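Trainee: For reference, the chains in residue letters:
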Amino acid sequence: DAGVIQSPRHEVTEMGQEVTLRCKPISGHNSLFWYRQTMMRGLELLIYFNNNVPIDDSGMPEDRFSAKMPNASFSTLKIQPSEPRDSAVYFCASSLAGTAEEEQYFGPGTRLTVT
Amino acid sequence: GEDVEQSLFLSVREGDSSVINCTYTDSSSTYLYWYKQEPGAGLQLLTYIFSNMDMKQDQRLTVLLNKKDKHLSLRIADTQTGDSAIYFCARGGYNKLIFGAGTRLAVHP
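First to last, the protein sequences are chains A and B.
As numbered in this note's numbering, residues 1 to 115 make up the first sequence, in order.
As numbered in this note's numbering, residues 1 to 109 make up the second sequence, in order.
Cross-link-like lysine to any residue pairs, in silico, SDA-like; alpha carbons within 20 Å at most:
hint, chain 1, residue 1, chain 2, residue 2
1, B, K36, B, A77
2, B, K36, A, R41
3, B, K70, B, T23
4, B, K67, B, S7
5, A, K68, A, I5
6, B, K68, B, D3
7, B, K36, A, P108
8, B, K36, A, V89
9, A, K78, A, I55
10, B, K36, A, E44
11, A, K24, B, Q44
12, B, K70, B, M55
13, B, K56, B, D78
14, B, K70, B, V19
15, B, K36, B, L65
16, B, K36, A, Q37
17, A, K24, B, A41
18, B, K70, B, E5
19, B, K67, B, T25
20, A, K78, A, T115
21, B, K36, A, R111
22, B, K36, B, G82
23, B, K67, B, Y24
24, B, K36, A, I5
25, B, K36, A, M40
26, B, K68, B, T25
27, A, K78, A, R9
28, B, K36, A, Y105
29, B, K56, A, E103
30, B, K36, A, E103
31, B, K36, A, A88
32, B, K36, A, T38
33, B, K68, B, T23
34, B, K36, B, S7
35, B, K36, A, M39
36, B, K36, A, G42
37, B, K36, A, G3
38, A, K24, A, E103
39, B, K36, B, Y24
40, B, K36, B, T62
Hint data in this document are derived by calculation from the structure and do not stem from the laboratory.
Predicted model only: the values in this text are computed from it and were never measured.
Extracted from the complex, chain B is given alone in its bound form:
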């Protein structure tokens, strides 16, 4: 995704919080998304946020959206080994999604 950028790697200790960041350039999208890809599998929608919201919380997941700075983040509380995966940020646009390159989250004991 040429206008959706993410850092490539994040390593956290089990039980800590993880914060995955994403920036984008096109602010016209109605929704922004976080997808999760586990090893050997396709992408699965984790959560999404409407563009006129600042925050969305869903159990251990918190999504923060700063429209002014075009910055989206995903916070995972109490990170577990099962959270190890690649996390993709995406924005919607004209019936298709523009994905970032993905952030590989590694959780270590």
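Same shape as in the complex, but just chain A:
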């Protein structure tokens, strides 16, 4: 299994530009999570989906952030417009909800730098 796939691995953009991060979960998993990691704030859950439906988006910082999951094998996290404080590593994770262990499998992350 290829694991959770994220693209791009690195993104450098200028303030004000739109950024789109992509994630392909593990085949068969029905839950998908977007996290943001910074030195200051640690690991934050932004949003998660169950069966392609957003369940909890309370962690999304503001309206500039949006996430979609059009089908079971693809999700995007969009930031428009981007700001320097959005610089972070963004992780996508997937799991099989309803299993006892609730193990989440993380992707390698996208390192975003906004200048």
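Using the hints provided, position chain B relative to the given structure of chain A.
Mentor: Chain B in isolation, oriented as in the chain A frame:
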């Protein structure tokens, strides 16, 4: 994670045991987890413990759970340089995980 707390740093000598501690406030979780993050990588599940267990051992790893005190610990025996990483404690809750801030373990010769 607002209700999962860990110390931020731990430094140990190679060959010694490492003990990473975690406290949590919500005791409703069925499972508690330890994840490991190596530099430049995502988190990987290291081990987990069912909430009605006191201890779980897996090779060099020992997890201790004190439900009364809401305290979880991870002991790594014979710590190696390859164990240098950030270790996250997490509790399960309603299909999502609540993570602590992570403990950075540094192993020195």
